[in-house]
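J.: Chains as they are written, first to last, in our numbering: chain G, 1 to 331; chain C, 1001 to 1331; chain H, 2001 to 2331; chain W, 3001 to 3331.
It should be emphasised that the hints constitute simulated quantities derived from the structure, not laboratory data.
Some but not every residue of chain G turned toward chain C, in silico, with C-beta under 8 Å:
#, residue
1, TRP250
2, MET267
3, ASP275
In this text, a Cβ means the ideal position worked out from N, Cα and C, and glycines have one as well.
4 protein chains.
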Amino acid sequence: MILQLKPGTSEQLAHELAERFSAFCVFDGGHFLLVTSSSQHQADPETEPYVERIQTFTDDMQLSSRSWQKPTREVIVGNSHFGNGKTTVVMAGPCSVESEHQIREISGMLVEQGLGTLRAGAFKPRTSPYTFQGLGKKGLELLLKMKQEFGLNIITEVRDSTHIEEVIEAADIVQIGAKAMYDQGILRRCGKSDKAVMIKRGFGSTLQELVQAAEFVMSAGNLRVLLCERGIRTFETKTRFTLDLCGVAWLKEKCNLPVILDPSHAMGYAYGVPDLTRACTAMGVDGLLIEVHPDPANALSDASQQLTPQQFRDLVASLQPIAQAVGRKIS
Amino acid sequence: MILQLKPGTSEQLAHELAERFSAFCVFDGGHFLLVTSSSQHQADPETEPYVERIQTFTDDMQLSSRSWQKPTREVIVGNSHFGNGKTTVVMAGPCSVESEHQIREISGMLVEQGLGTLRAGAFKPRTSPYTFQGLGKKGLELLLKMKQEFGLNIITEVRDSTHIEEVIEAADIVQIGAKAMYDQGILRRCGKSDKAVMIKRGFGSTLQELVQAAEFVMSAGNLRVLLCERGIRTFETKTRFTLDLCGVAWLKEKCNLPVILDPSHAMGYAYGVPDLTRACTAMGVDGLLIEVHPDPANALSDASQQLTPQQFRDLVASLQPIAQAVGRKIS
Amino acid sequence: MILQLKPGTSEQLAHELAERFSAFCVFDGGHFLLVTSSSQHQADPETEPYVERIQTFTDDMQLSSRSWQKPTREVIVGNSHFGNGKTTVVMAGPCSVESEHQIREISGMLVEQGLGTLRAGAFKPRTSPYTFQGLGKKGLELLLKMKQEFGLNIITEVRDSTHIEEVIEAADIVQIGAKAMYDQGILRRCGKSDKAVMIKRGFGSTLQELVQAAEFVMSAGNLRVLLCERGIRTFETKTRFTLDLCGVAWLKEKCNLPVILDPSHAMGYAYGVPDLTRACTAMGVDGLLIEVHPDPANALSDASQQLTPQQFRDLVASLQPIAQAVGRKIS
Amino acid sequence: MILQLKPGTSEQLAHELAERFSAFCVFDGGHFLLVTSSSQHQADPETEPYVERIQTFTDDMQLSSRSWQKPTREVIVGNSHFGNGKTTVVMAGPCSVESEHQIREISGMLVEQGLGTLRAGAFKPRTSPYTFQGLGKKGLELLLKMKQEFGLNIITEVRDSTHIEEVIEAADIVQIGAKAMYDQGILRRCGKSDKAVMIKRGFGSTLQELVQAAEFVMSAGNLRVLLCERGIRTFETKTRFTLDLCGVAWLKEKCNLPVILDPSHAMGYAYGVPDLTRACTAMGVDGLLIEVHPDPANALSDASQQLTPQQFRDLVASLQPIAQAVGRKIS
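Please work from the sequences and hints to get the whole structure.
T.: Listed below in structure tokens is the structure:
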């Protein structure tokens, strides 16, 4: 249940009321809101003097639902606009930061393509302890260097709560990976930050759980949340995962958060990435995450799914007319 | 293993050899072929005098694999060309034939849109015995009437082997439904027919099984096979199924059969069908199956997922520029 | 909705009423029943004079539901009792009939173990056309020979509608395989037979669909239906399928049909079959299907999952005390 | 690859070698081991003087594989023995610690049943921010109180890295929940602890990933790891999850860690828990986790799946003869 407080309610009063009625206090669109469980369907009569709008829900998709706020919640990061309905932001880069040389080559290529966001992992959430785990803090430093040198926005992943502060500090968009989607230590900390946050859907997670992960961040005060579909795990093993575009259609219909797609991780093989990226673009989504590496065959992680710079250039060129056909442009 | 017989081998000799070496005999691209299990990796030395090309395989995707024949196997049905790389054929119509009035209204609308193929079910493979099971033979007669009246190609489904003759007789494209994908009675009978055959992937079936179903038809002699992805069953329940576009990318890469997509059944809800259809079109596929009904709310089956005629017209109009962006046109 | 007609209603009147009210007419437990869709919640007032009990349902699990008939529907086949709550019937044999020698060896071993039902396939529903497809009619003849020689009940599979008559003729229990679960040609024909019918759950099929498949047979008049869980397809690939014992718990709670388990197909590897079979026995189920072959390594199908005769003997010996612990005995 | 150092190698030298050859250093069964990626198949020739046994692997299941160490790695916690092949340890309690009264009632009941391990969550990994999140530190204190009062071992869950120290401090067995299975912050910290660690398989996680999570803990030095199967997410929605007993058979065959089963979470409904628990017991597993609550209907979390004390007593009584039938006893 969301209770929208009357205009002019002070922040102090809003927080007092939230505490009194065991609610989260969120400042959203010029109003203070009290947010409680969706299982609550009746407001305490004592709230009446303060409240100007009440809405009940059938599940815990509340702040993120179009039934509460119809328009998409626009998230602006530097020059990138997510959710304005007019752009599809292409974020690209290698799976992992491996070296300064590597990351600079990709950064230059992005700028050359007119793209403004660099993606690359410093803390890699590998499933085996015996494989490359990322450069860690050193990787973050290299990303910051690229930011300064090329003016790029940085999106990078937090693996677990132990290095959340460093990632929030370094990133323009904090990526919560598929394997960390339920991590409340991360979600709540991001809720206290003013950085944009992109939550990747766990490969075994329902859409409902994805939006509820967003509600953790939003109820803690940070409404700058992006949702990312990156493929779910199914019985089919010819491809790495199964990109759930039906789920994207549902998100676009029911949820007011911008939607990002990651066809690289879904497919797992470079040969399918261009076709899938074009499909995602034609869906009219707010952003794309594409893996590109100067030398995919020798990448330290996810070698099979990263595009070469030339494949990437060809792909971006092919996206523009599709974006235009659905009223958007690539940026 | 496929053994391609030398040019000029007579049909009689080809069949004799097939019997002698326990192989299927298929006439493909001007050659007689002997096809055996992929577990066979060595040809009988006695075949040597007759054979000009031998290829072994790692699995039972043989005639349908691009490693055997690189170019897509084009299937022409009336004016519709599947697999020429230049067109995406839109096949549309209601889930079930319900009445002459209903099916005529849709047929007229297709012609008006410049589309040439009517889809509608007469034998419905429902999961419950207590729901509408289709008009059966009466439904086929109505479809034939539309064919004569409007010059439309007809694609309609065979539910089980008991009415396979009637469907082969009536249809231009015999649809083997998702629930009948393993039905060897149907597959083998279609292999003896010269009608085009579209095999829908079972919602619990792997891509490997789908191409192997095609191999049943092809090894029996009919190479005019289309494959259709219509959504697989996953843990996500917000949508009816999960459209597997990663799988489509795999099919396009590995398999030489034309690929058709059915976003209506995958999504299960009309609201998502336009976005998904645009995504499928941007993939560069050979055909689309779209459900449209004069009055979806009162449809006797699949009410929630059928478009209204107006929604369908708007959708088709929006597809043309996307098809063009990937070098195709809607037809 | 089920309408139970008053005692003494004649068969002729029952069928007339069924036709008049578009219902299935079923004779169940001494009463004629009219069965309609569960979406119908109000009986036609004109039925009132004939009806003594009306029950509505929330889904199309009707005749098979415990809410309609609480006790399990016992199915007796020769000396085997399925569903009496006191026995777990072990049905065993090779995946496929391969030769008279092979099938006789297994038959002798069953008799020696005090077991009364032989399972073996004559028509194999293989996914590839290039592998062993079963001996067909010849296989049925060998099974009948074993029946005569050893007094065993025969359970064997129908692959598609084209040979349903032969299988009904030969089998004591007609097995509808996982890949044929939706085949209405088979289901309806079995509904007109008086043979016991075992329906295997499709590996991509929900429990709801499984019981609805049973409703096809039951609404056509044959109430002698067994349900078999044999593993569903999931993302896990270390084992062939995932045996769904949670689903079995649901079936036991909600459905009045006897439940059979097939751990051999679920596991796909002989090493896990004994443990799983013991688990199934401890669930208190009505029957078990176990694959055993005189020489598994050289089996023509499913080589990896069949037990040796010695492994099978050891397994059966280990089941007895577990069955006893849950109030049953192996038979 | 695992390199077992010669007897008498000093700890210091072992660590020096590990650093020099980029390996993990683990003390296992009286030997120092150097563990590297399984992709390494050739030891550095310079290691030769120090090494007495080398084993290569095909995947990153190394320390936990039976091919490295055949016997199960026994884990002893107080009086409870996991993995000795003779006992099945029943760990029971409510989903969440709710109050002192509640947790004391259950503790008393456990002691009365002769059981030695209390399970209950203090930090609950809920998917929605708007539901009960557990008592946190207060919950841990109540668990410690029960430990002192009743002499029970405590198993409780860590939700994310932010409170890992408190849980390690309080628990006898640290439970890493299904949603935290990939959390390297937790896994590595547990690897430095001497507490037993139970890793629950994520509901979307493969068996391979589960054992690799264990390898994170083991390679960091802690070999006291238990694996828990608690149901995976599939397309079937009649039950909460699908308990993967085929997977358990695989774990028992391939992996040397004790296996625990949690039928309560898999089923999601109390009615199925007794049958499933009996099935698990007949599998011959090392432990069971069962949810029991003084008043399930009013539980603050997982109300539907918790047994009443009386149901629990009846269940435990029924397990003893089954355990005995497979050569074990309940403890």
